[in-house]
Amino acid sequence: DTGVSQDPRHKITKRGQNVTFRCDPISEHNRLYWYRQTLGQGPEFLTYFQNEAQLEKSRLLSDRFSAERPKGSFSTLEIQRTEQGDSAMYLCASSLRTGGSYEQYFGPGTRLTVT
Amino acid sequence: DAKTTQPTSMDCAEGRAANLPCNHSTISGNEYVYWYRQIHSQGPQYIIHGLKNNETNEMASLIITEDRKSSTLILPHATLRDTAVYYCIVRPGSSNTGKLIFGQGTTLQVKP
Numbered sequence: 001d002t003g004v005s006q007d008p009r010h011k012i013t014k015r016g017q018n019v020t021f022r023c024d025p026i027s028e029h030n031r032l033y034w035y036r037q038t039l040g041q042g043p044e045f046l047t048y049f050q051n052e053a054q055l056e057k058s059r060l061l062s063d064r065f066s067a068e069r070p071k072g073s074f075s076t077l078e079i080q081r082t083e084q085g086d087s088a089m090y091l092c093a094s095s096l097r098t099g100g101s102y103e104q105y106f107g108p109g110t111r112l113t114v115t
Numbered sequence: 001d002a003k004t005t006q007p008t009s010m011d012c013a014e015g016r017a018a019n020l021p022c023n024h025s026t027i028s029g030n031e032y033v034y035w036y037r038q039i040h041s042q043g044p045q046y047i048i049h050g051l052k053n054n055e056t057n058e059m060a061s062l063i064i065t066e067d068r069k070s071s072t073l074i075l076p077h078a079t080l081r082d083t084a085v086y087y088c089i090v091r092p093g094s095s096n097t098g099k100l101i102f103g104q105g106t107t108l109q110v111k112p
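Chains A and B, in that order, are what the protein sequence lines are. First residue of the first sequence? That's 1 in my numbering, and the numbers climb one at a time after it. First residue of the second sequence? That's 1 in my numbering, and the numbers climb one at a time after it.
Keep in mind the hints are simulated off the structure, nothing from the lab. In this text, a Cβ means the ideal position worked out from N, Cα and C, and glycines have one as well. Treat each hint with caution, since some may be false.
To be verified - Label-pair distances were calculated between CB atoms; the ranges are:
(1) A:66 with B:25: 15 to 25 Å
(2) A:41 with B:111: 38 to 48 Å
(3) B:51 with A:113: 19 to 29 Å
(4) B:11 with A:81: 38 to 48 Å
(5) B:107 with A:9: 22 to 32 Å
(6) A:7 with B:81: 44 to 54 Å
Construct the entire structure; sequences and hints are all you get.
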């Protein structure tokens, strides 16, 4: 399977714990995105990387959130001191910019439940 | 980025064409129209995109009006597996980030 993969698919944690999610993009894609989706809503942009550089972060990404993409390959999203409001689906997408338009390919997501 | 307006929900009979409308009256000249869909419990899936001309691929057709203020996604022969939330997104072609701004989308229910 050469699509975007995410691990774990589900995570249940207690409030105050730290969690880390991993995203493996399509191998030749230089752009990687993180989105968050709560029940009944469309995905919301969190941050994006071009190669290893994190070039934009949404205001939704509080200080408790940090994302990395070492060596421009896989990416991790860490949430420190989780809160119940962090419960959501975390989606990763990747794309290859060619010209002025390009599609994003999404992974299956990691569903986080904070109890 | 231009805002889009879509109906909240639509039904379609299996085997018939599903026509999903989208209004984007504030679209500017360099903005593309993208369609994604999200089947329950999965990540969004790219369907098609266009700038001015109508587009067709193996999944769907995209019809953009001449003034580009609205578009229609057409699934020619809907199946039960096409039941999903469909998102119409307008994004600049020269966007530095390429981030997608999702709205509420249209929930399409394909019925037997």
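Verification of the supplied hints:
Taking 15 to 25 Å as the suggested C-beta distance range, the pair residue 66 of chain A and residue 25 of chain B does not conform, at roughly 39 Å. Checked against the given bound of 38 to 48 Å, the beta carbons of residue 41 of chain A and residue 111 of chain B, roughly 25 Å apart, lie outside it. The hinted window of 19 to 29 Å between residue 51 of chain B and residue 113 of chain A is violated, with their beta carbons roughly 41 Å apart. The given range of 38 to 48 Å is respected by residue 11 of chain B and residue 81 of chain A, whose C-beta atoms sit roughly 44 Å from each other.
Distance hint check for residue 107 of chain B and residue 9 of chain A: the Cβ-Cβ separation is about 23 Å, which falls inside the suggested range of 22 to 32 Å. Between residue 7 of chain A and residue 81 of chain B the beta carbons are some 26 Å apart, a value that contradicts the proposed interval 44 to 54 Å.
In terms of the numbered hints stated before, the structure departs from hints 1, 2, 3, 6, listed from lowest to highest.
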